[in-house]
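Chemist: Use the sequences and the hints to build the structure in full.
Listed in order, the protein sequences are those of chains A and B.
The first sequence finishes on residue 134 if you use the numbering used here, and the numbering steps up by one all the way, no holes.
The second sequence finishes on residue 134 if you use the numbering used here, and the numbering steps up by one all the way, no holes.
These are calculated hints, taken from the structure and not from any lab test.
No false leads were mixed into what you were given.
As a list, the in silico DSS-like pairs of lysine-lysine whose alpha-carbon atoms are at most 27 angstroms apart:
1) 110/B <-> 80/A
2) 105/A <-> 80/B
3) 74/A <-> 64/A
4) 74/B <-> 108/A
5) 108/A <-> 80/A
6) 64/B <-> 108/B
7) 74/A <-> 101/A
8) 105/A <-> 74/A
9) 39/B <-> 74/A
10) 105/B <-> 44/A
11) 108/A <-> 108/B
12) 39/A <-> 108/B
13) 101/A <-> 39/B
14) 80/B <-> 74/A
15) 110/B <-> 110/A
16) 44/A <-> 108/B
17) 45/A <-> 108/B
18) 80/B <-> 110/A
19) 45/B <-> 90/B
20) 101/B <-> 39/A
21) 108/A <-> 39/B
22) 74/B <-> 110/B
23) 64/B <-> 74/B
24) 108/B <-> 80/B
25) 90/B <-> 80/B
26) 90/B <-> 108/B
Protein chains: 2
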Amino acid sequence: MYIGQTAFLERTFEESDIINFANLTLDTNPVHLDEGFAKHTRFKKRIAHGLLTGSLIGAVLGTKLPGSGAVLLKQSFNFKEPVFVGDRVKAVLEVTEINEKSIGKIVKIKSRCFNQFEIIVLDGESTLLISAIK
Amino acid sequence: MYIGQTAFLERTFEESDIINFANLTLDTNPVHLDEGFAKHTRFKKRIAHGLLTGSLIGAVLGTKLPGSGAVLLKQSFNFKEPVFVGDRVKAVLEVTEINEKSIGKIVKIKSRCFNQFEIIVLDGESTLLISAIK
Numbered sequence: 001m002y003i004g005q006t007a008f009l010e011r012t013f014e015e016s017d018i019i020n021f022a023n024l025t026l027d028t029n030p031v032h033l034d035e036g037f038a039k040h041t042r043f044k045k046r047i048a049h050g051l052l053t054g055s056l057i058g059a060v061l062g063t064k065l066p067g068s069g070a071v072l073l074k075q076s077f078n079f080k081e082p083v084f085v086g087d088r089v090k091a092v093l094e095v096t097e098i099n100e101k102s103i104g105k106i107v108k109i110k111s112r113c114f115n116q117f118e119i120i121v122l123d124g125e126s127t128l129l130i131s132a133i134k
Numbered sequence: 001m002y003i004g005q006t007a008f009l010e011r012t013f014e015e016s017d018i019i020n021f022a023n024l025t026l027d028t029n030p031v032h033l034d035e036g037f038a039k040h041t042r043f044k045k046r047i048a049h050g051l052l053t054g055s056l057i058g059a060v061l062g063t064k065l066p067g068s069g070a071v072l073l074k075q076s077f078n079f080k081e082p083v084f085v086g087d088r089v090k091a092v093l094e095v096t097e098i099n100e101k102s103i104g105k106i107v108k109i110k111s112r113c114f115n116q117f118e119i120i121v122l123d124g125e126s127t128l129l130i131s132a133i134k
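Modeler: Structure below.
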């Protein structure tokens, strides 16, 4: 791993993903689930849960960069624009800091998520531990 | 809504929740899924995805405080201790700031998640918009 290393993952958020996320997490806010409710909100239609979009960053962290075995210590999300049902989102991650500690490497990774119009919908920062203890 | 207002939600994270979260989010890091892999890590057994624990905060935000219609603008998570399969977690939220803006109320909410031993496993801060536009 090196500073400047990048990885990405792309995914379309289908209606079924939003329903499954609501059922699994118990977040049944009608801004995500009820088209009739959503049309009276500022976005006019249903939006994906912010943490569902955020979980795409989690998927890159857990499978690609750093990948297997890394443990998340901190995560911040700034939700810039809504993600709607059917939007395709690309999460792009980049390593910005690596600090060697006695317990392992502490790594900072910045992330940006773009929709299919190349608009940033989410940015964030992750701090992870790649443990030296095996 | 008022500063100091609180709400909570409690939940046990079962093995099936972790498997479903991995399938839904594509985060298949073996620290969550593979007992054989996990026993060689610092935690010695499988841990829940941090964002799965974090989603319990999302569930309180989306259903109780502020509840229906609130939109998440920012979220931070500090993962303090691991959550293991079968742990029971209580997310406790408290309103810390309310700012009236032309677009609506901007609300800050601090959250702490405790396990069944009353140890803090996660704390976080949320910024939400309760829109004036209907």
